[in-house]
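> If you want the building blocks of each chain, they are given just below.
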Amino acid sequence: MRWLKHGYLGLVYLLLYLPIAVLVVFSFNASRNPYRWQGLSLEWYARLWDNDALIQAALNSLLLATSAATLSTLIGTLTAIALHRYRFRGKRILNGMLFVVMMSPDIVLAISLLALFILIGVQLGYVSLLLAHITFCLPFVVITVYARLSGFNPQMLEAARDLGATDFRAVVTVLLPIIFPAVLAGWLLGFTLSLDDVVVSMFVTGPTFEILPLRIYSMVRLGIKPEVNALATVLLILSLVALIGSQYLLTRKRGKKHENSEEHPVGHLPAER
Amino acid sequence: MKLRNPFRTAVVALIWAWMLLFVFLPNLLVIVASFLVRDDVQFVRLEASLQSYARLLDPVYAGVFLDSLGMALTTTLVCLLIGYPFAYAVSRLPARVKPLLIFLVILPFWTNSLVRTYAMKLLLATNGLTNQALLGLGVVDAPLRMLYTEGAVIAGLVYVLLPFMILPLYAVFEQLRADLLEVSSDLGAERWRTFRYVVLPLTMPGVLAGCLLVLIPAVGMFYVADVLGGAKHLLIGNVIKNQFLDARDWPFGAAASIVLTLAMALLLYAYYLSARMVRRRSADDALA
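Here the protein sequences come in this chain order: A and B.
The first sequence begins at 22 in my numbering and counts up by one.
The second sequence begins at 379 in my numbering and counts up by one.
For the record, the hints were derived by calculation from the structure and aren't laboratory data.
Be aware that one or more of the hints could be misleading.
Capping the alpha-carbon separation at 25 Å, the derived lysine to aspartate or glutamate pairs in DMTMM-like fashion look like this [stated by the list, open to error]: (1) A:Lys26 / B:Glu568; (2) B:Lys610 / B:Asp445; (3) A:Lys246 / A:Asp73; (4) B:Lys610 / B:Asp624; (5) B:Lys476 / B:Asp557; (6) A:Lys26 / B:Glu560; (7) A:Lys246 / B:Asp557; (8) A:Lys246 / A:Glu231; (9) B:Lys610 / B:Asp436; (10) B:Lys476 / B:Glu528; (11) A:Lys26 / B:Asp624; (12) A:Lys112 / A:Glu64; (13) A:Lys26 / B:Asp445; (14) A:Lys112 / A:Glu231; (15) A:Lys26 / B:Asp557; (16) A:Lys246 / A:Glu64; (17) B:Lys476 / B:Asp564; (18) A:Lys112 / A:Asp188.
Every value quoted in this text rests on a predicted model; they were computed, and no experiment measured them.
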């Protein structure tokens, strides 16, 4: 029974990692044929390095993901604080709308935003992509931060107020340091969601601002190109470094503060957006 | 006091403005567009009509809708069959290895999902590695045609969406108290009865949550169908995308998206009802 269980676990992990392993191994293949191994070579990495359009698209993607994650973290954190601390009219409706954004298929969000941008005349490009990415990242940031806030003792804010701090000041000096790990997790989640998105970007992109996922999409749609293997390997290493780095930061932060509240699982999960 | 809190007013106004402008208004536009007529210059002409909805009943499109829903449901079922025993097995392992194992489930999913779809293509192609292995082992005589089939699309969707099934299931198995299983077997229930009457009802919320998290993205991921299914095996997402970006028939694309949204809303409602039923039943059991 025991070996059956372990064998099963091993099989599932094999299924999860085999495609990625093949991708990485064949990025070092000397052959143009993507299925035949003909010895080690760095040819595809060299080609990648020479492909200016691809590098420009990667830089654009990084710019977009960084700005979308930062702005959605800013708005999302403030929203989570407002939802946690204040009673206001329409709070339930607001909650409902955030839920709708999170649960509706991307394609529905994509066409609705395209219709809006066409109607109000936003030029399709960086700005439209940014607005769309902030919108689909928002609910995930709100959930991540809100989960952390539920473990927060509100008396600490009252104490700050009693000592003469304004609401804004109390939030910045007392609340923010405590919820910081969740804010960071929310940022990271937004960053990944934005980098990973194909569906929404496909609709709201314009000719002036090409981003990496769409560039990859047009490359892999028709055939198999070994450059994509090299590119995927580079991306894989980058996200691995970012993930391990952030885990390190988060655990160190938490260890220092002697916090033991559980991180919300959504904080580690890049949803398919 | 309330009125003099500028921080609160500013934050509430900001988020409300954002949601109204980028969620409420756009969705309203799509609903309106679905009742209009297509126009080549302006995308839509202001003329009320139900023709887009009527066209959805056309056997060609109704067929695509049903096929797509079928693929999405199969994907969900396969994820559940793989994920349920997996989540159970992980949750019964020693506490010190569990975080690592769950981390390993999440890790591949920090890489671009398009890249992972492409990796599947490498494996499934006619002269790809799976066929080379099968030919080499003498399992088959001629390479199998795996790419550009419905099976390839389903395999790609399962590969991309599996962690969304595993994580909620793992969460419920973690909360499952081992002593309940002991009680059940002490009372004489054999394994199957314990599973059927104790484990399954208690893990039902995780099953439902996982199924939703897989099913909802599965209908819209047009790039998986593009890369692995060729032009033949379409998802609803492909239909909507083609209408908006290629055929430029916005009213029809909008109508398709509204029907999709309604179908998803119905599923969410069913989820809500069954989750409530599960909760109530376990509350009744606790009282009895």
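> Run every hint past the structure and note whether it holds.
Hint-by-hint comparison with the structure:
no. : hint                : in the structure
1   : A:Lys26 / B:Glu568  : 20 Å, holds
2   : B:Lys610 / B:Asp445 : 11 Å, holds
3   : A:Lys246 / A:Asp73  : 17 Å, holds
4   : B:Lys610 / B:Asp624 : 16 Å, holds
5   : B:Lys476 / B:Asp557 : 20 Å, holds
6   : A:Lys26 / B:Glu560  : 20 Å, holds
7   : A:Lys246 / B:Asp557 : 55 Å, violated
8   : A:Lys246 / A:Glu231 : 19 Å, holds
9   : B:Lys610 / B:Asp436 : 18 Å, holds
10  : B:Lys476 / B:Glu528 : 35 Å, violated
11  : A:Lys26 / B:Asp624  : 49 Å, violated
12  : A:Lys112 / A:Glu64  : 57 Å, violated
13  : A:Lys26 / B:Asp445  : 35 Å, violated
14  : A:Lys112 / A:Glu231 : 38 Å, violated
15  : A:Lys26 / B:Asp557  : 21 Å, holds
16  : A:Lys246 / A:Glu64  : 13 Å, holds
17  : B:Lys476 / B:Asp564 : 28 Å, violated
18  : A:Lys112 / A:Asp188 : 20 Å, holds
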